[in-house]
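Colleague: Given chain A, work out where chain B should sit, using these hints.
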Amino acid sequence: MIDALASLGRSGLSALANIGRAHLLLIGILAGVPSMLARPRLLIAQLFGIGVLSLLIILVSGLFVGMVLGLQGYYVLSQFGAAESLGVMVSTSLVRELGPVVTALLVAGRAGSALTAEIGLMKATEQLSGLEMMAVDPVRRILTPRFFGGLVSMPLLAAMFSAVGVLGGYFVGVGLLGVDDGAFWSQMQAKVDFHEDIVNGVVKSVVFGIVVAWIALFQGYEATPTSAGVSRATTRTVVHSALAVLGLDFVLTALMFGE
Amino acid sequence: MAKTRTVEILVGAFMAVGFVALFFLAMKVSNLSAALNADGYALTARFDNVGSLKVRSPVSMAGVRVGRVETIRFDQETYQAVATLRIDPRFDRIPADTFANIFTAGLLGEQYIGLDPGGSPDYLADGDQIEHTQSALVLEQMIGQFLFSKAEEGSE
Numbered sequence: 238m239i240d241a242l243a244s245l246g247r248s249g250l251s252a253l254a255n256i257g258r259a260h261l262l263l264i265g266i267l268a269g270v271p272s273m274l275a276r277p278r279l280l281i282a283q284l285f286g287i288g289v290l291s292l293l294i295i296l297v298s299g300l301f302v303g304m305v306l307g308l309q310g311y312y313v314l315s316q317f318g319a320a321e322s323l324g325v326m327v328s329t330s331l332v333r334e335l336g337p338v339v340t341a342l343l344v345a346g347r348a349g350s351a352l353t354a355e356i357g358l359m360k361a362t363e364q365l366s367g368l369e370m371m372a373v374d375p376v377r378r379i380l381t382p383r384f385f386g387g388l389v390s391m392p393l394l395a396a397m398f399s400a401v402g403v404l405g406g407y408f409v410g411v412g413l414l415g416v417d418d419g420a421f422w423s424q425m426q427a428k429v430d431f432h433e434d435i436v437n438g439v440v441k442s443v444v445f446g447i448v449v450a451w452i453a454l455f456q457g458y459e460a461t462p463t464s465a466g467v468s469r470a471t472t473r474t475v476v477h478s479a480l481a482v483l484g485l486d487f488v489l490t491a492l493m494f495g496e
Numbered sequence: 004m005a006k007t008r009t010v011e012i013l014v015g016a017f018m019a020v021g022f023v024a025l026f027f028l029a030m031k032v033s034n035l036s037a038a039l040n041a042d043g044y045a046l047t048a049r050f051d052n053v054g055s056l057k058v059r060s061p062v063s064m065a066g067v068r069v070g071r072v073e074t075i076r077f078d079q080e081t082y083q084a085v086a087t088l089r090i091d092p093r094f095d096r097i098p099a100d101t102f103a104n105i106f107t108a109g110l111l112g113e114q115y116i117g118l119d120p121g122g123s124p125d126y127l128a129d130g131d132q133i134e135h136t137q138s139a140l141v142l143e144q145m146i147g148q149f150l151f152s153k154a155e156e157g158s159e
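Going down the list, the sequences are from chains A and B.
Every letter in the first sequence is one number past the one before it in the numbering used here, and letter 182, counting from 1, is 419.
Every letter in the second sequence is one number past the one before it in the numbering used here, and letter 1, counting from 1, is 4.
Because the hints were derived from the structure by calculation, they are not lab data.
We put the CB at the ideal spot given by N, CA and C, even for glycine.
You may find that some hints are simply not true.
To give a feel for the contact side, a few chain B residues facing chain A, derived at Cβ under 10 Å [unchecked claim]: (1) F17; (2) F26; (3) P61.
So here's chain A without its partners, still in its complex pose (with noise of 0.2 Å):
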């Protein structure tokens, strides 16, 4: 009975400790803003390994997921005799929705898990502790441009997601279903607000951003620097980043769109 009180009460202490240090650590990442400011270059090599690597799973993943709205709206939407609203319905899911959702849950996936593996190693091989050595800390030096290339690249994906989605929605509905072109645009230019879908749509991103590369490098620093330490890093990088997203998703839609 008390050693099942204890335990318990030992994971919660465990599980706040864990909470503290990712906010330690994020701290000393945002800390190192100045120095990485001084070399862009780093930043702009996290830039192309998260960002430019990731463009062609993000617009193929785009256009297919618009495709698919397109061909399943149009089945609900004719029955309402509403198929010109097609538009609509593709761009408010992608803007809102999908595109900064699939976008975090792809890039949590493709970037994060590379991230969590990178540092993991680096750690495993103790180049973390030789760059201590040399006097030059690690977190400014290693995990700040890759947390700015995380949070800068997430936004931009999503753009482009949503917008090759939209593409890939007009290309099935009007090319292929014979949705009229001019209600499929008009119609979604008089629904879709800038403010209310476009900026919100970027500011979920932005979270997901910081969210998806925090637990990536966070799981990074933090894992037992085996192999299957490392590993299991990993695993818990994708799965983390895909509850806190949807997770948080939930919280940010409730705030925005809830009325």
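Modeller: Same frame as chain A, now just chain B:
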């Protein structure tokens, strides 16, 4: 050195494409292009019942959108709804005795304000009030009136 140069160029292209995508969403997908010239002038109209009219509902004249509903508030003195309409400055010759109706677009569509021009030589200017208005038709009231008149017919 050539390798870093390629990386820099690719990152630059990536960021440029990202901003182009944002620009595309803002201008082509959302209403920002329409909102840019959203200044225009304000008219008010009082309705006994605005139905399900919402802020940002269209204001149209002869079926062409001339503006949007900016605010809807409730006047406690007269128990009426006061709607502020933001009219595009291009349409500055709306007669003073114009009639404002609340219509429904299609059977299940959303409600909008339709303006029927009167014959007055004076035009409405910023801050003016549209005097002649007709409230939204509420389906339950219409059915109620219909049943009532049917019952009267039957009793005769």
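Colleague: Which numbered hints does this structure break?
Modeller: none
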